Structures are given as structure tokens and as C-alpha cells.
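Chains E and L are the protein sequences, given in the same order. So for the first sequence, this note's numbering puts the first residue at 1; every next one is plus one. So for the second sequence, this note's numbering puts the first residue at 411; every next one is plus one.
In short, the hints are calculated from the structure, not lab data. In this text, all values refer to a predicted model and were calculated from it rather than measured experimentally. No residue lacks a Cβ here, since even glycine has one placed at the ideal position from N, Cα and C.
Chain L is faced by these chain E residues, among others (derived, beta-carbon under 10 Å): (1) V24; (2) E107; (3) D109; (4) E110; (5) L297; (6) D298; (7) V300; (8) K304; (9) A305; (10) A306; (11) G307; (12) L310; (13) S312; (14) P320.
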Amino acid sequence: MTETATPEPLPAVGEARLRTYWAVVWRRFNRGVLNRVARAWVLVLIALAVLVPFLANGSPYTAVLDGQHHYPLLRNLTRLDWLLLICGALVLAGALVHRQLVRRHAEVDELRSAQVRWLAAGLLVAAASAAGLFGFYHDYLDTRDYHALQRSGQLHEAVFAPLPWGYKDQEPLELDRTFAYPTREHFLGTDGNGRDALARLLWSSRVVLAIGLISEVIALVIGVIYGSLMGYFVGRVDILGMRFVEVVEAIPTLFLLITFVALYGRNLFMLMVIIGLTSWTGIARFVRAEFLRIRQLDYVAAAKAAGLPLRSILFRHMLPNGLTPVIVTFTFGVAGAVGSESVLSFLGIGVEPPTPSWGSMLNEAGNPAETFRWWLAIAPGLLIFLTVFAYNIIGEGLRDAIDPRLNKME
Amino acid sequence: MSAPASITSPESPLLEVTNLQTYFGTEDGVARAVDGVSFTLFPRQTLALVGESGCGKSVTSMSILRLVQTPPGRYAGGSIRYRGRELLNLPDKEMQKVRGGQIAMIFQEPMTSLNPVFTIGDQIIEAIGLHQKVDGAQAVAIAQHALQRVGISDPARRLQEYPHQMSGGMKQRVMIAMALACQPQVLIADEPTTALDVTIQAQILELLRDLQESSQMGILLITHDLGVVAENADVVAVMYAGKIVEYATVYELFDHPLHPYTKGLLACVPRLGKEGQRLFTIPGQVPSPLQYPLGCRFAARCTECQGAVRERELRENPPLREVAPGHWMATWSAPGFADAKETMPSLSFRRPRVAAARTA
Numbered sequence: 001m002t003e004t005a006t007p008e009p010l011p012a013v014g015e016a017r018l019r020t021y022w023a024v025v026w027r028r029f030n031r032g033v034l035n036r037v038a039r040a041w042v043l044v045l046i047a048l049a050v051l052v053p054f055l056a057n058g059s060p061y062t063a064v065l066d067g068q069h070h071y072p073l074l075r076n077l078t079r080l081d082w083l084l085l086i087c088g089a090l091v092l093a094g095a096l097v098h099r100q101l102v103r104r105h106a107e108v109d110e111l112r113s114a115q116v117r118w119l120a121a122g123l124l125v126a127a128a129s130a131a132g133l134f135g136f137y138h139d140y141l142d143t144r145d146y147h148a149l150q151r152s153g154q155l156h157e158a159v160f161a162p163l164p165w166g167y168k169d170q171e172p173l174e175l176d177r178t179f180a181y182p183t184r185e186h187f188l189g190t191d192g193n194g195r196d197a198l199a200r201l202l203w204s205s206r207v208v209l210a211i212g213l214i215s216e217v218i219a220l221v222i223g224v225i226y227g228s229l230m231g232y233f234v235g236r237v238d239i240l241g242m243r244f245v246e247v248v249e250a251i252p253t254l255f256l257l258i259t260f261v262a263l264y265g266r267n268l269f270m271l272m273v274i275i276g277l278t279s280w281t282g283i284a285r286f287v288r289a290e291f292l293r294i295r296q297l298d299y300v301a302a303a304k305a306a307g308l309p310l311r312s313i314l315f316r317h318m319l320p321n322g323l324t325p326v327i328v329t330f331t332f333g334v335a336g337a338v339g340s341e342s343v344l345s346f347l348g349i350g351v352e353p354p355t356p357s358w359g360s361m362l363n364e365a366g367n368p369a370e371t372f373r374w375w376l377a378i379a380p381g382l383l384i385f386l387t388v389f390a391y392n393i394i395g396e397g398l399r400d401a402i403d404p405r406l407n408k409m410e
Numbered sequence: 411m412s413a414p415a416s417i418t419s420p421e422s423p424l425l426e427v428t429n430l431q432t433y434f435g436t437e438d439g440v441a442r443a444v445d446g447v448s449f450t451l452f453p454r455q456t457l458a459l460v461g462e463s464g465c466g467k468s469v470t471s472m473s474i475l476r477l478v479q480t481p482p483g484r485y486a487g488g489s490i491r492y493r494g495r496e497l498l499n500l501p502d503k504e505m506q507k508v509r510g511g512q513i514a515m516i517f518q519e520p521m522t523s524l525n526p527v528f529t530i531g532d533q534i535i536e537a538i539g540l541h542q543k544v545d546g547a548q549a550v551a552i553a554q555h556a557l558q559r560v561g562i563s564d565p566a567r568r569l570q571e572y573p574h575q576m577s578g579g580m581k582q583r584v585m586i587a588m589a590l591a592c593q594p595q596v597l598i599a600d601e602p603t604t605a606l607d608v609t610i611q612a613q614i615l616e617l618l619r620d621l622q623e624s625s626q627m628g629i630l631l632i633t634h635d636l637g638v639v640a641e642n643a644d645v646v647a648v649m650y651a652g653k654i655v656e657y658a659t660v661y662e663l664f665d666h667p668l669h670p671y672t673k674g675l676l677a678c679v680p681r682l683g684k685e686g687q688r689l690f691t692i693p694g695q696v697p698s699p700l701q702y703p704l705g706c707r708f709a710a711r712c713t714e715c716q717g718a719v720r721e722r723e724l725r726e727n728p729p730l731r732e733v734a735p736g737h738w739m740a741t742w743s744a745p746g747f748a749d750a751k752e753t754m755p756s757l758s759f760r761r762p763r764v765a766a767a768r769t770a
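Using the sequences and the hints given, assemble the complete structure.
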């Protein structure tokens, strides 16, 4: 709509030509306002997951203790914190580099080889830093309570994070600040252990992102491989294979999870694996259906007529074309996984305390035997709703952007 | 019309299809999509396979490259010889080399025949790398040359483009370039212009003619457009219900059609200057390939034969016989059909080219 109102300068010849399939889809996706909002929300969540130690932390950035300058926040960063920071920085750098490359290269081939070089470099840096971190860096166990130190006047010139609470910093019991109403000190009040609700809310973003992405990636890998094999080997293999899919679909995930938690205790990684192992069937069905469709298409016949070997036809020509609806299913699946994690945590069989998650916060808000603590319910409930909603909007937006019937209307 | 000399020329054929039978097993029985098709294709010749939808033209062309899915398809009989080599029992590995390298094919729908996620260059170069021993730079050069040959300007840039950036005519040119990049001897063009608009049709067909002149390849042109046939074909095979019913040079066929079906087809073509008449249509429908009638498959729609001949038509399926030198057809009602012999339809006739006609 702005294109008609304000005539943009005509793109250079090279720019106009460089529109890959995904660039077209992406542009169409970004046309929707709601899509952009949802995308922004997920980006905010990702940024939050990476930067949360600097936003909500019980340790001050810097402070003078016993006459010495300390930097407790930096020293207390865990390996995971560092890894996320490095990966976040790499992704950001990658996005900027990509933008520059697209602007500079008019040729798809050049762009592609440049992209491959940069990607390889980025992966190398990521792998090296991961190896370095886990090989040489050790988490520092800081038992000091900086809030107590400050109250007793031992801490000077302390500069705290915007929210001076981490996810496991408790108010001392003698202050009796468990289940406290929102105050200036704790914007969203505190939970049953006297921990700041807002801090826990922010730290939860990590669990939410991790459970959604990792479990769906597991599902994606299994689903794509299984589905493409079924779609290719039509006939008896397909018939038996799809019955197995139905068997897997019949497994009640929730009861399986409860059983595993009862047997082996709580473990976030186990949750992800189980959710992944039981939710690949939808993706497999989609990929199978796509393969059944694509094998009838002219360009597959053309590829065969050109004498291409089966390997190339299957994986070079069919798979990339069949992945499109999978990406949509993937985003819906992420939303579903976020929802199931919340449910599990709400039931008290999700993440292990003190790791925060929105579901477990909800659990504390409404124990039926006690009073309803609205300040612990509203924010996490809203965030669960918004996140699931955002993933669903992204999924729907991608589906619309990919839909060939809408392409024609341009 | 055809010069007798060309009929008896000792040239060796590129492609000989003899009594090809391609059947499909369906739930309702066996569909005899192609049921005894024979023809011969010579170098630098255009053989048009004509017939209405569903008569088995496309299955014939798919069978030559063995692209029919088996099952449900099955090559029930006959032989396909490419330069004397039988293709129907060639191992898959060998067949892959023939496809694209020796016999190439272009499809009806240029819009869907290119893979949307790869650039034009990716697709042409992959095929080149498969059939020719060349390095990357050479393959790019060959691909550029191929695009240039089909009249695409700025080929270096076009190689970088995706199919959705091109028009239908352009895509069909790319398909032709892709098919020709490996210098095949035979090009199967399965309704190459049906999906294109008329002006582009003419361009594409002219392009095919020019490329044929320069590369000496044989073209099997599959179409239902008699205008296209009249302008491009050297030899015409008319197909009806899985069989060839008439086979002759293009001039002979258009001047002296013998089979009632061919006559009907020709009568269906609108003519300039003929006003105030409804177009002729052949009454009735093509019989289902699941249950062909015992006798002549056209008998139910035929108005020509009467009496005893008709009795025979309904009882006995007429084979394809050479009723006159260089003219094959299949109907009992034709004069002299009873005495004619069943010979392999083979005509090495090529129409005089425009350039040749000028010098003559």
C-alpha cells in the first residue's frame, strides 16, 4: 500500500532480479501487520533468553566489597549464558552480513558461495567457542547474598541490573515476603519462596524457547525422513508404515510423560525427547502427502527424462519442494510444545525447580487449597497465551505466504 | 505425392517402435492405453503422432523413455529399438544414460516442468554434468550456448534466474535448451505448444525446425493440432484408441485421407472463407481402453461402411496394412485392403525445406 503512495526509487537491475523463492515468501509474509507483530514477539523472546542475565540478576554488575572492586555478574555467568551470548552475537552478525551480501551481489551463484563461506566461518566460531567453554570454563558458585550484604552496609558503589533479582534469589524468610503483593521492590510480587515473580517470568523465556524448538527439531528430523520414505515407497511399505504412524499417534503423550517422570524423575531434556518422539507423526503425514503429490509433477518426470539418478530426484528435486508445508506444521508444533510444557509444569511434572517456567508459576498461583494469587497468574498466563498465539500466527502467515493460489493474485 | 525414391532409401532409422503394447492394471480391469503401435523415425525427420485426447499418444512417448510407472503400467509386448538397440529390456543404469543423453523429451506444461526451487542454470548444468564429461566452467559455457541457441538473450544472467521470473514461452525455450544441451539424437516433444499462446507457438515450432536442421535430430512431435502437423511434420501417424489407424507422408495424408477417422478429423478443422456452417464433429465417443470392442474401434462412430463390410468391421479388428506405396491404414472398407500386406510402417520422407526449395 505504501508502494503506491510513495514511489520508491527503482531498484537496481541486480536487486530486482535477486528474488529467490524464499525471498518472495518472506516478503509476502511481512506484508501482514499481525505477522510482523508475531515475528517481533518471538524475536523479543529470543533476545530475552539471550540477554536475561543482564536484565534480571541478583549479582551486581560491579561493586566494592572489602575495599576491592568486584564484577560479580560477569563472573557468575554460566557456560550456558556465555554460549547463548556468543550464538546470539553470531546470529545477529549473520543477519547483518546476509543483508550486506544481498545488497552487494547481483548474481545468485556468487551470493550463494559467499553465504556458504560466511556460514562455515560462523559455525566454526560457534563450535570453537562451545568447545572452549565446555573444556576450560567452569561455572562459578557464588554463595554471597548481595542484597543482604548491601543491607548490612558491606557493599559499596553497587550497580545492579535493571531488575536486581535472579530467578533463585529469595527474600530472607525473616522478612516474611512470601506470596507478597506487587510492590515497588517486586513489580509482580513474589512467589511462595520469596522469589521475584518478574525475574522468574523473564528467565522462563529460555525454557519456553528450548522446549518448543528442540522437541520440534527432533520431530522434524524423524518426520521428514519417515514421511519421505513412505511417500516414495508407495504400496505395501507405505501401508504398513502408515499403520505404525497410527500406533504412535495412539500413544497418550501426557500419560507417557507422567509415567516417565514418576520412574526417572524430572528432566527437561527427557521431556523434550518424549514430546519430539510422539509428535513427529503430523510432519510425517505431511511429507508423505507432499511426496505423493510431487512424484506426479512434470518436473519430476522431466528430471527422470533428463536421466537424473534416483538420489538426485528424491533429495535434490523432491525434498526441497515438499518441505514447504512442513515449515508451517513446524511452527504450529512449536506452539503445541510450548503449550504442553506449560501444562506439565502446571501439573508439577515439568521442569525441575528452581528452574522457572510459566506453567510452574501458574501452578503456584492457584493451588486449590489456598487462595487465588492473581498477581502470579495474570502475567505468566498472558505470556503463554501470547507466545502460543504468536507461533500460530506465524504458522498461518507462512501458510498464506506459501499458498500458490494467493501468488496468482499479485 | 511423396517421391518413391525416398521411400526405398536405405537410410538406417533412429527409432523403430514395433507393435508396442503398454497396459495399465486398474481395479476395473486392464486398460490397453497403447495397443500395438508401430512407427519408424529417421534422422532429421519430424514424425507427428496425432489423435484426440486419451488415444494413447502421451503413453507412447512415455513408453519410449520407459517413464511409465510400473506398476500399474506394464510393457505387455512389442519392441522399441533405438539405433538397433532394444530399450525395453535395457538395465536401469543404461536406460538412465539414454534418457537425456540420447533421447530427450520436452513436456506439455512449461509452467510446471521446471523445478521452482532451483535456478535455470542449476537445472541445465546438472543434466549436462550427467551426460558429458566436462568441468564446471565448461558446463556453464555449454548451458549458456544452449540458451543462446534457443534465442534467449543475455544467457549468463538468465542462468541465474528462477523459473517464476520467466514467461511461459521463455520457460518452454529453457526446457528445449535443457533437452538439447546434451545433444540428443531424438527429441520427443509432447504437445510442446499446447499451453502457449498462438504467436509463441509459431516461434517455438520454428525454433524446433531450425534446431533440427543444424543438429540432424529426429523429432517425435505429439499433438492434436492439425495446423501444427500441416506446417511441421514430414510423416504423420494418426492414432485412435491405442492404435495407429493411418500412416503416411504429410502431403499424402492431407490430400488423400483414407481412414474415415482421419477424414473426420480433417473435416473438423475450421476453414477460412467458409461461412454460415456449423463445424463438423465426429459423433460419439472414444471407446474406453478398459473394454475395446471386438472389431474396428472406430466402427461405432463410423458412418462410411455399410452392409457386409460393416459386419466385418464389427467382427474383426483391421490391422495396419500398406494399401498403397507409402500409405498405411487400418479399415476393411478401404479399396484393396484385403489384398494389402501388413508391413512395418517406415517412411524416410522429409519435406523440402524452405531454404532447399529456394535453391532448387
